[in-house]
Amino acid sequence: MYWLQKNNYIVVLFIAFVVIVGILLITDNGKTTYEQIEIQHGDTLWTLAEHYRGEMKPQEWINLVQLENHLNNEIIIAGQVITIPIAEDSHYIAQNKMNEDSHSIEVASKDQ
1 MYWLQKNNYI
11 VVLFIAFVVI
21 VGILLITDNG
31 KTTYEQIEIQ
41 HGDTLWTLAE
51 HYRGEMKPQE
61 WINLVQLENH
71 LNNEIIIAGQ
81 VITIPIAEDS
91 HYIAQNKMNE
101 DSHSIEVASK
111 DQ
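Note that this note's numbering has the sequence shown beginning at 1, numbered continuously upward.
Simulated from the structure, these hints should not be mistaken for laboratory data.
Please note that a few of the clues may not be correct.
To be verified - Result set (DMTMM-like, lysine to aspartate or glutamate): computed pairs, CA atoms no more than 20 Å apart in a straight line:
#1 57 to 74
#2 57 to 43
#3 57 to 35
#4 57 to 68
With the hints as extra help, turn the sequences into a complete structure.
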């Protein structure tokens with residue numbers, strides 16, 4: 001017990017490690033991938049959640065985005081690049097980046 005009192009920083013590091021591992025296990029069920037997107041004018045976390053959340057609850061998806069991007073609130077700004085979770089069962093529309101002059105749209109699905 002004396003050794004533990006003398007080396008309390010080891011206990012703090014161990015507790016921090018356990019908390020971080022716990023958070024990772026709770027939030028990552030292995031079915032989610034992450035992608036970086038640029039916020040467009042008019043985007044909100046709620047509208048993005050409707051496109052990318054899959055069967056996840058909107059508030060749960062927003063909480064993951066806030067955690068991943070270190071956001072203190074739900075405010076996002078046009079031009080900002082954020083990392084978002086994309087559920088395996090989500091369907092979303094992605095712009096075809098191969099030919100920027102093209103106006104075609106590619107429909108992407110994680111279950112293909």
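Non-conforming hints, listed in increasing numerical order: Of the numbered hints given earlier, the structure breaks none, since each of them holds.
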